[in-house]
Amino acid sequence: MIDTVVSKTVRYRQFSFIRVVRRTLALIFPLALVGVIAQVLSTVLFSDNGYLYNVFSVGDWMPKVVMVVAQNALLALSQVTIGMLTVYASYGAARYTAQLYQIDDQIPGITGLVTSLLLSVRYSQRGVSFDQNMMNYGSLLGGLIVGYLIGQTFRWLVKKEALKPGRSRHTVDVENRVAVCVRPILVILMTALTLNIILNLISYYSSYTQAAAILQSLSSGETPFWLKMVVVCFTTLLEWLGIVGSYNFQPGMDSTAATANLNYAFAHHTAYGVPYPYLGSSLYNSFANFGGTGIALALLLALAIVARSNNKQRMVRVNFLPVLFNGNTGLMIGLPVILNPLYLLPAVFLPLINLLIAAFAIFIHLIPTPVYWIPDGTPGPLVAFVGTNGSVVTLLFTLALLAFDVWAFLPFVRLSLAVEERIHSLDAKGEQTDNV
Amino acid sequence: MFKLTNRQQRRSLWVLLVGLFILVVLLIPTSNWVKSSTKEQAAQYNSRLSPVIMIPGSSATKNRFDTLVKLLNQESAKKHSLLKVEVYNSGKVSYTGKIRRGDMEPIIVVAFENNHDGYSNIKKQAKMFNVAFEQLVETYKFNNFKAFGHSNGGLIWTLWLEKYFNQDNGVRIKTLMTLGTPYNFSEKSATNKTQMLSDLIAGRDKIPNYLTVLSVMGTKTYNSDGLVPEGSVEAGKYIYQKVVKHFTMMTVTGTDAQHSDLPQNQQIVSLIRAYLLNQDNNQRGNQNNRKVQSSNN
Chain A
1 MIDTVVSKTV RYRQFSFIRV VRRTLALIFP LALVGVIAQV LSTVLFSDNG
51 YLYNVFSVGD WMPKVVMVVA QNALLALSQV TIGMLTVYAS YGAARYTAQL
101 YQIDDQIPGI TGLVTSLLLS VRYSQRGVSF DQNMMNYGSL LGGLIVGYLI
151 GQTFRWLVKK EALKPGRSRH TVDVENRVAV CVRPILVILM TALTLNIILN
201 LISYYSSYTQ AAAILQSLSS GETPFWLKMV VVCFTTLLEW LGIVGSYNFQ
251 PGMDSTAATA NLNYAFAHHT AYGVPYPYLG SSLYNSFANF GGTGIALALL
301 LALAIVARSN NKQRMVRVNF LPVLFNGNTG LMIGLPVILN PLYLLPAVFL
351 PLINLLIAAF AIFIHLIPTP VYWIPDGTPG PLVAFVGTNG SVVTLLFTLA
401 LLAFDVWAFL PFVRLSLAVE ERIHSLDAKG EQTDNV
Chain B
1 MFKLTNRQQR RSLWVLLVGL FILVVLLIPT SNWVKSSTKE QAAQYNSRLS
51 PVIMIPGSSA TKNRFDTLVK LLNQESAKKH SLLKVEVYNS GKVSYTGKIR
101 RGDMEPIIVV AFENNHDGYS NIKKQAKMFN VAFEQLVETY KFNNFKAFGH
151 SNGGLIWTLW LEKYFNQDNG VRIKTLMTLG TPYNFSEKSA TNKTQMLSDL
201 IAGRDKIPNY LTVLSVMGTK TYNSDGLVPE GSVEAGKYIY QKVVKHFTMM
251 TVTGTDAQHS DLPQNQQIVS LIRAYLLNQD NNQRGNQNNR KVQSSNN
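First to last, the sequence lines map onto chains A and B. Numbering follows my numbering, with no gaps: position 388 of the first sequence is 388. Numbering follows my numbering, with no gaps: position 33 of the second sequence is 33.
Accuracy of the hints is not assured; some may be wrong.
[Stated by the list, open to error] Only some residues are given here: those of chain B computed to face chain A with a beta carbon under 8 Å:
id : residue
1  : G19
2  : Q41
3  : N46
[As the list claims (entries may be wrong)] In silico EDC-like cross-links for lysine to aspartate or glutamate, where the CA-CA straight-line distance does not exceed 20 Å:
id : chain 1 : residue 1 : chain 2 : residue 2
4  : B       : K206      : B       : D168
5  : B       : K35       : A       : D60
6  : B       : K35       : A       : D48
Hints listed in this document are in silico derivations from the structure and should not be mistaken for laboratory results. Ideal placement from N, C-alpha and C gives every residue a C-beta, glycine not left out.
Just chain B, same shape as in the assembly (with noise of 0.2 Å):
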């Protein structure tokens, strides 16, 4: 049926052919790649890690939360092991401590060589923070994950979830903590923004509505823990309060009720335990509902 009849006909045939190679020589690669890339999104799908990333406030490094940890794991018949990860100015990532094989709920700390005061210290904290998740992710294949922040810490992790967070590649915060973090840095009241805070305000269409906000606060006098006033830790509600599923906050007082003295306070512990970290230890990483159980220990 098929009479080369004349030259074109030929010359289409050669051409014809030639892409039928290549079709073929495509099929390989085609072939590898596909496999590769359902079997990675696959194990990202199954995977039941759902770890907990802690991000320290200005001027503390990589150990902030190692009392906070050892808190966490006393009286718990589950320990949580505890990565720590530096991202320096390079954009170099290092890590220490290590997940320990079949601890589904890990601790790791993220601190940066610049862990400086100020709003542009904190972009490029968020920026930072950013390639080391990337490489988290890319590493253990994580779905899901709980946030911690510390102070500024709190800031670098509202930051990024209006710039660099993907709600479309397959991983899912689940509930964000901050603690004594100043929204609008030393600010009393909300009637005078910082140019944080509006940008924050402006950004905040862009944080996932499933999410769960935990704000607490210490207060050592009636207005402030000391450090951080009530105020600018109340201003987290304009970002927050009508974007996220849930939006509580919460105050702390007593002993260990100054700022930096918070992460190592006994009832902020609990709060963790309660809040922030599953409750079940059967329950899958992928699932979200949580139950809040009384009788746990």
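Chain A extracted, bound-state conformation (with noise of 0.2 Å):
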């Protein structure tokens, strides 16, 4: 079975742009675990929502200046790094893709990195700004698939022989450089304008969030179970294809449901019978997110169980904080899932059975429904618990919920490492040129 694997897989990294993806994803991953754990930090320890922070009473005790202090330096840490991971994954994938073609990789990648830029921009009365949205994590894809093109771009229009690379060893070849790039460089400029003329026009922004809300919105209240889990799935297929931070689900305390939810708890003194059993963003944020998007605690296990080289158990150590935190950006990008078929049928179902399983155990009255206020960054495992007013019963499923999906993972992680250490050897064997 695994040969069929590794031949299906092996064509499917052929493809130039998984080849690119993989490599830009490898380039970025320190930026992205580095924002990260500043994003895990300021939300879990220096925000008034914070998990930690409402457990030790930090606000109480902790001097006001050290707060703003460390809420500013690590948000401006996460800006700058996950805060604009696009624009650097575009900048990547263009290089690379310039790369693959043997062509000469700074310019392309610059050029990947202004048109990433010049895409985000948005105007208004004021003047023009960048849309976050468009730079973030959240994008990933898009910066992707802009670096790819932009990189295709240049093998169309520029002659290989002029593009060489190699060192540049006169200023005049700098020149000369640059004098062949202008005309790939302008139409990719006016093609990123127009475009990001249009997407103005179009207001697209506005749809982007508003899609986000109108999926929200369908994960709780009145309807119907089955609907909710097409969300579920459609979210988590989105996050393994590397698009993200809207469309994640809040945690539910916003909607009116959730809202019922609570006071029902509240007037009772008792979560069982509640009149929303099955909603969905509850249910989700406390039995199928442990460690973020797609059960990545379970995976981080998973891996630390099957792993053997010393790459993936240091990616294991170092992402292990954030993951019990909730921050999986840095595995997902690190291991990588994103775009990883090998991953895809996990990260995407296991949710689904995680969420039918916890209904059920709700339906059969084994648990309460979580509905008390859960603090931003709870650990994955403490998150019915909380959610439940500190049901013991309910934190011994949630354990071994979790033990039952690194369970699950096993044989992905396993079939998965076996796969790349087949293709490593397939490498090793084949021709030096072609270094997947």
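Got two chains here, each in a separate frame; can you build the complex from them with the hints?
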């Protein structure tokens, strides 16, 4: 079986786009990791809604100055890393695409960066500004595609000999190189500008957030259970593709159904028998989101059990802390999970299975519905515990569910590692030029 | 199944064990926090306390409404207890009087050490009021209240609603009654808007849309209560009308219709009974429906 999977995967990885994606993700991984750690620290420890902030009443004893400085510093750090990851992805993708066709990669790289910025520009009455949603981790796929297309454009529009890679000995060389590139740069920037104007005209940006809001409203309240399932699948699939951010489920405390549940629990001193027992957002956050979308914590633990190589075990260690507090970006990019066919099945469908199990457990009154407020960044295994006002049965149920998820992930991780090993040895045997 | 074949795996195992240890340790404070936070939220949700909070006008002290409260308690089976709060410029808050056990509708008067007139002072007073308000919610855990403001007290309420009131923390303001409140200071006509009125109009969106507002004025001559021009009280409509659920303006004439006498005016006492206080003694604090009954006594 491994042979078929290997040969299929090898073919998949030979797509130039996928090759570019793998390299680009490896390039931006350190930035993603630093960014996600900053993000996790800032939410969990220094923000009003954070988990550790509330549990240790940080606001009561930490000097306000320290809080503000820490908040700002961490915000700055995460803004320039995760907040601009799409821009860097577009830089990397353009570079590696150029490398793939053996042309000089510096100018395509910079063009990729500029184009990504240009696409994010948003016009308003006060002049221009940048749309964060277009630049941050949430639009990663877009950045990768843009970079790839830019690399291809250079390949089509520039004669190969004119852009041979290698060290430029003289300034003249550099100047020659740039001169050759003026035409593709102009073509790319003009196209990007036109696209940007169209995006602004059709107010794409606001429809983007509106779509996210609609998706979110579908997941809660009176919508039928199967529809919530579809929404969850769609969310995890998007995350696998590298499109996240605003589609992510927010804790459903703001919705009227969640409030109705909460009020019921307050009035009756129990969360059994609430009016909306199968609320999409609260079930999802409590039982299908350990460590972030796609049950990253289970994947990480499975990886720790199976992996032998230094690289993978190091990946486990550096990602452990952020994943514990639901920051999965580092793992998604570093492993990578994004656009990796071997993780498609568990990442998309395992949350669904979790939801079904949890709904059944609520149905037979094994556990109550989580209704209480859950602080941001509560460790995955404790979310349901907090949401049910410290129900020990629920905690045990959650841990069992997590163990099941780890077990379910094991074969996929094993397969993925075996395939990688196989590809590695194939490459070593094969010709040196084609190093995947 | 877990063979520690190499150092890397052993190191990862250590990291995971430390993580597990952290989780187990966190479990205790988390559990404590969850229990206490839920208890607190439930206490607030289930609270039947629905106080009337009163703010006096400029130059007045916390004793400003003593007579009014006495009048309100006369001929009424339900006696309201009176808690007086004073906020000092230092931010210190002092309390006199107390809320009687079992009294679900106490009256709380909030006054300020800095009780001067003028927009800049009103801004400070709104901020000081917020300090007192947060303490009151924390201490008495009510989830709804009624507001009453005489003269500048109404301005403090309006400014506070726009700048400080947080609609998400589970406390609702049911009714606001302002009495002779000079929304446009001493300007007779709303065409000359003072800075304060412009600011209040600009921030009106922050006022909760479920609120019922009554603006009552007195009149001594045909255009003023002797101190505040009618036009200034009427300017309140530019803030509240079309923003809140109900906005009603009323004019009181006759004896005690002079600006400073208004809180002792018998008609005002009746209006407070009819529109501000809960009608039904058994009504739960968290229900917002009000039955206006005429056959109360």
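Hint-by-hint comparison with the structure:
| no. | hint | in the structure |
| --- | --- | --- |
| 1 | G19 | holds (6 Å) |
| 2 | Q41 | holds (7 Å) |
| 3 | N46 | holds (6 Å) |
| 4 | B:K206 <-> B:D168 | holds (12 Å) |
| 5 | B:K35 <-> A:D60 | holds (19 Å) |
| 6 | B:K35 <-> A:D48 | holds (18 Å) |
Checked against the numbered hints given earlier, this structure breaks none of them.
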